[in-house]
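**Q** Starting from the known structure of chain H, fit chain A onto it as the hints suggest.
2 protein chains.
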Amino acid sequence: MKLNAEQRRQFDEDGWLFFPNCFSEDEIALLGIEAEDILKTDRPEIWREKSGAPRTVFAAHTFSEVFRLLAHHPRLVEPLQQVFGEGVYVHQFKINAKTAFEGDVWQWHQDYGTWARDDGMPEPRAMNIAVFLDEVFPYNGALMLVPKSHKHGTLEAGHDLLTTSYPLWTLDKETVTQLVAEGGIVAPTGKPGSVLMFHGNLVHASPPNITPYPRKIIYLTLCAVSNHITKFTRPEFIAHRDFTPIVPVGDDALVEYARAHRIAAE
Amino acid sequence: MKLNAEQRRQFDEDGWLFFPNCFSEDEIALLGIEAEDILKTDRPEIWREKSGAPRTVFAAHTFSEVFRLLAHHPRLVEPLQQVFGEGVYVHQFKINAKTAFEGDVWQWHQDYGTWARDDGMPEPRAMNIAVFLDEVFPYNGALMLVPKSHKHGTLEAGHDLLTTSYPLWTLDKETVTQLVAEGGIVAPTGKPGSVLMFHGNLVHASPPNITPYPRKIIYLTLCAVSNHITKFTRPEFIAHRDFTPIVPVGDDALVEYARAHRIAAE
Chain H
920 MKLNAEQRRQ FDEDGWLFFP NCFSEDEIAL LGIEAEDILK TDRPEIWREK SGAPRTVFAA
980 HTFSEVFRLL AHHPRLVEPL QQVFGEGVYV HQFKINAKTA FEGDVWQWHQ DYGTWARDDG
1040 MPEPRAMNIA VFLDEVFPYN GALMLVPKSH KHGTLEAGHD LLTTSYPLWT LDKETVTQLV
1100 AEGGIVAPTG KPGSVLMFHG NLVHASPPNI TPYPRKIIYL TLCAVSNHIT KFTRPEFIAH
1160 RDFTPIVPVG DDALVEYARA HRIAAE
Chain A
920 MKLNAEQRRQ FDEDGWLFFP NCFSEDEIAL LGIEAEDILK TDRPEIWREK SGAPRTVFAA
980 HTFSEVFRLL AHHPRLVEPL QQVFGEGVYV HQFKINAKTA FEGDVWQWHQ DYGTWARDDG
1040 MPEPRAMNIA VFLDEVFPYN GALMLVPKSH KHGTLEAGHD LLTTSYPLWT LDKETVTQLV
1100 AEGGIVAPTG KPGSVLMFHG NLVHASPPNI TPYPRKIIYL TLCAVSNHIT KFTRPEFIAH
1160 RDFTPIVPVG DDALVEYARA HRIAAE
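Those protein sequences? They're chains H and A, same order as listed. In terms of the working numbering, the first sequence is numbered consecutively and its last residue is 1185. In terms of the working numbering, the second sequence is numbered consecutively and its last residue is 1185.
Treat the hints loosely; a few may be bogus.
Because identical chains share one entry, a pair is satisfied inside a single copy or across any pair of copies.
Claimed, not checked - In silico DSS-like pairs for lysine-lysine, Cα to Cα no more than 27 angstroms straight-line:
no.: 1; residue 1: 959; residue 2: 1067
no.: 2; residue 1: 1110; residue 2: 1092
no.: 3; residue 1: 959; residue 2: 1092
no.: 4; residue 1: 969; residue 2: 1092
no.: 5; residue 1: 1110; residue 2: 921
no.: 6; residue 1: 1150; residue 2: 1110
no.: 7; residue 1: 1110; residue 2: 959
no.: 8; residue 1: 959; residue 2: 921
Bear in mind the hints are in silico, worked out from the structure with no lab data behind them. A quick note: this is a predicted structure, and the numbers were derived from the prediction, not measured.
Just chain H, same shape as in the assembly:
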């Protein structure tokens, strides 16, 4: 999948792009079943909410063939190769569960703030490209983005160790208020299989999910190979140290896997 000139312009201007229905129902069925199976397990890569519900599964592409294929999928990898103009590697791979009733807040932050401070990533030449595994409604913890906020560079942040179970470099109210006054808020919603990419410096957050609808999103973080991290303060499964450029699999890799293993949408 390649971005056209208008998409490139829009990304530069607003810092995000949304692709509804980028993966098919069959592909999402496969990913969804695999995610549910993993969420039922207990392993060190699964971080939990204060309530005990799973919050984030890290590095599932290292222990699940299905997610290995996703992390190498051309619909996710190619746009980021294109934007960075070079090969990319997997910096992080997350399944954010935002479980029904228990999914907690993600405070206002920039991803690159953490990658720079904790991982010594030289430049904001890495970003998330996210796949909705569940339908994102306006009310089940939709991700909120502040358009144009990526133009402000890396903003001052405080290390919030208290609000949730997950430490995060977060922005203060005054900064968020100023940025929202300029760019507003967008909260893309859509069917499972929709894809969202956003700049590493784009300010974002998501509220708790108090509904019965889970809101699982996979975040694949790809980094330009020449921009690899230089500090190894976090566990390897949170900030990977294998900087080998990704060679994308075929566009039909997930469909072929599902066919071979007889997994299909109901």
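**A** Only chain A this time, still in chain H's reference frame:
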């Protein structure tokens, strides 16, 4: 304001009705300025979030002429007189602030659950009619309603004294999941001045507001006079004991007040 036959049918069926832009910009400017002035004060009728931010102002119609006019406004009073087929009195009057960044969750509940258990209200012949003072977006803590849930009567509930600063009779996850599977969720959004009425047994909730946009809503709770409360366990400013039927003011009462006091939208 009178409901037509289709609105009556829809209310019976779904348990809620929404009236966009029911109050004018000038009327909302008056109400908004008055609410902001009150929120800056410190008085026993103002309950606070755990953070200290104002959560709910009770009984402003007893100490503010502007809100006295609103509590007697025909656009709010007449539809409820019509539904109950008799005179109504003010059971409760709230300004729910849902302040920017700090407005906390309202857990899943039925209003009548509290009015019955705490106030000894005989029947669910009371309800809220709410006025948006700020724009309600999908992402600043919009109220979520479960259509048709009012048909299930008064559901078993637990008294949640911990989650927020405000004690509430709340529903468990299994109950909410079942009701949402049947009726879905709606989260009406709209400009300041929009009005929302919903059945006393309609299940609803609202998530925290983590945006810079405040989401003030006024909740006027009117009760059929013959259905007045019988237990006085809560402070008078939370559950009123004056059961005199409301005589509505003129439809232009707020506009006249604003004109007389030279208060206008900017």
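**Q** To test your reading of the hints: which numbers does this structure violate?
**A** 1, 6, 8
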